[in-house]
Amino acid sequence: MFEDVIYLDNAAATRLDERVLEAMKPYFFDVYTVATSQFGYSLGIDARDALDDARARVAVGLGATPEEFIFTSGSTESSNLALKGVAMALGEKKGQHIIVSRIEDFPVLHSARALEKQGFQVTYLDVDEYGRLDLDQLREAITPETILVSVQAANQEIGTLQDVATIGATCREKGVLFHTDATHSVPRVPLDVRETPVDLITVTAHLIHGPKGVGGLYVRKGTPLAKWMDGGFQESNLRAGTENIPGAVGFAKAVELVTPEETARMQGMRDRLIERLLQIPHSRLNGHPTLRLPHNANASFRFVEGESILLHMDMRGFAVSTGSACFSRSLEASHVILGIGGNHERAHGSVRFTFGRFNQDRDVDAVADAISDVIEKLRAISPLGKE
Amino acid sequence: MPLPYSEIVMEHFRHPRNVGRIEDTDAQAMEGSPACGDMVAVYLKVDPEELRITDVKFESYGCASNIATGSIITEMAKGKTLEEAKAITWKQASEALGGLPPVKVHCSVLAVDGLRAAVQNYEERHGLVKERVPTTVEVVRKRLKRVMNPVVGLDLVRTKLVEKIEVADGTVRVVLHLPADHQFAANILEEIAEKIEPLWDVDKVVVEFTE
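Residue numbers (the numbering used here), protein chains in the order written: chain A, 5 to 391; chain B, 371 to 581.
Hints in this document: simulated from the structure, not taken from any laboratory. It is possible that part of the hints are untrue.
So the derived label-pair ranges between C-beta atoms look like this [unchecked claim]:
1) A:A370 x B:R511: 34 to 42 Å
2) A:G321 x B:E454: 51 to 59 Å
3) B:R384 x A:G179: 35 to 43 Å
4) B:R511 x A:E380: 42 to 50 Å
5) A:R288 x B:R543: 51 to 59 Å
6) B:T529 x A:R288: 34 to 42 Å
Just a few of them, taken from the derived set where beta-carbon distance is under 7 Å, the chain B residues facing chain A [said to hold, decoys possible]:
7) V389
8) S430
9) G432
10) A434
11) A466
12) P568
13) W570
14) F579
Fair warning: this is a prediction, and the values are worked out from it, not measured in the lab. The beta carbon of each residue, even a glycine, is placed where N, CA and C say it ideally should be.
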């Protein structure tokens, strides 16, 4: 029944690639045991090998060694571990100050707020109208008390890429740890820890046609990080719990299936869609025109409301997302749109389109035609924008 | 796939009735909610002899529940006298729509407020307003019954969130049984101000949170 849906919410979740499922299958039915030490039974050793292999394959994409990469249940857990783990490790020894950007996704933002309640001091850095971090403000914000800077590699809503290399270099120069949430960028926008000074990186499988429930955290060798998921000694004794081996194998396969050619194809679709969206009267692009995720387009349309747009698009067979307060569970307008200087009205009429592997070129015109029509219809019943 | 909205809501959202403007309107009102950003405009044609609504139209800058309530409430109001139209409650509109999700109640209340405000606009334009009553604790309490607690979709008074109301020298003080950092605190605060501030003898609204 959903075959005809044109799905453009790939920044929320993606359809699993069959090749990923095929790679995972043996670890549900044949090698289904826990990963044992080399003194365990054969199946357990096979499971251990599969896990080590998956770890090495994901780590290599980041330019990291396998020992520097741990699997988690997804980016929410990874970012929680990064922020709270560093806070627990250094809070008493070094200082109680953390710096994050104002437009981080909730795992980082809410971890920072949780630490604030524990007595940590948090600085929320501003971004410009495109969502780019103010680097001077970052330099000024770092104090001797600062233990961690966490700035995302790319924004979840407006797709803006940050200058991770410069932010990392600034942190390195000041002797402060740097975490980046690369949930939405890696591996489509590559990040190599041999070139970029970054200490902790959050990544996930479910946005690159891998399985949900598996992600990871890159932890540069020697980074002080406290364990807070207590239990066994798994994942370099940083994250207890029976390893999700099918998930890890699926993650590795998903990473390998991402190619620069595919990313270039998405970027082409993105650019054409943005061009079409900006032809709609009273529309504006959210995020940076060029420094943005290759698969993300986001625009605001005046005089119309996002949830209404979304429902009308759904009736026509398109899945998109909005930053409108009406759509959010908390009734709060998108903190990202507000963070880039937008008002509630701009968030109210914002729509995000994110491409994935299974989108086709013809989807661009189809979605552009549909949204133009929906907006025209909703504007006809709106009390605003008539005079 | 079960949608959070009833079939009737979706039908009115897809094909809203009485949409648009009345060019030579006898009365009009625009109501907005700072909490969610929705706005609704209501236009009336009234038979001056019978004080009966002969035509009513609405416009919406809002979500599905706002559009659907605007649609149903204009259907309900058409042909009614002004007194009857004023008496239409949000509950009646919601029931006619087959219910609304709790979190969406305030977007829908807005449409009901829009109709009432348009009727009031007609009364003001035609000298039908009765003597202005001074604001009392009871007047405030009545207004607070139109502010929703978004968590449960019932009003503040019914959900016992209002601990105390004081009215003195043009200042209304409301004490809420709610932590100041509650997820909806800011929304509730804005909606209280929106409902109480327009009262003719109120200069200032102070809301305090306990806990």
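Check: Should the hint that S430 (chain B) touches chain A count as held when the rule is a Cβ pair under 7 Å?
Finding: 6 Å, holds
Next item on the list: State, for the Cβ atoms of A370 (chain A) and R511 (chain B), whether the hinted interval 34 to 42 Å holds or is violated.
Entry: 53 Å, violated
Next item on the list: Check the following: the C-beta atoms of R384 (chain B) and G179 (chain A) are separated by a distance inside 35 to 43 Å.
Entry: At 60 Å between Cβs, range violated.
Next item on the list: Using 7 Å as the Cβ threshold, decide whether P568 (chain B) counts as touching chain A.
Entry: With a minimum Cβ separation of about 19 Å from chain A (threshold 7 Å), the hint on P568 (chain B) is violated.
Checklist line | Range agreement (Cβ of E454 (chain B) with Cβ of G321 (chain A), hint 51 to 59 Å) | finding: The hinted range 51 to 59 Å is violated for G321 (chain A) and E454 (chain B), with Cβ atoms some 42 Å apart.
Checklist line | Status of the V389 (chain B) interface restraint (C-beta, 7 Å, chain A) | finding: At about 5 Å, which falls below the 7 Å cut-off, the nearest Cβ of chain A leaves the hint on V389 (chain B) intact, so it holds.
Checklist line | Restraint check, 7 Å cut-off on beta carbons, for G432 (chain B) near chain A | finding: G432 (chain B) check passes; min Cβ-Cβ to chain A is 5 Å, inside 7 Å.
Margin query: Restraint: W570 (chain B) near chain A, CB-CB cut 7 Å. Satisfied or not?
Written below: 25 Å, violated
Note to self: Holds or violated: the 42 to 50 Å window for the beta-carbon distance between R511 (chain B) and E380 (chain A)?
What the structure shows: 44 Å, holds
Next item on the list: Let me know if the C-beta of A466 (chain B) comes in closer than 7 Å to any C-beta of chain A, holds or violated.
Entry: Result: violated, 20 Å to nearest chain A Cβ.
Next item on the list: Using 7 Å as the Cβ threshold, decide whether F579 (chain B) counts as touching chain A.
Entry: 17 Å, violated
Margin query: Can you tell me whether the CB distance of T529 (chain B) to R288 (chain A) sits inside 34 to 42 Å?
Written below: 40 Å, holds
Hint compliance for this structure: hints 1, 2, 3, 5, 11, 12, 13 and 14 are broken, all remaining hints hold.
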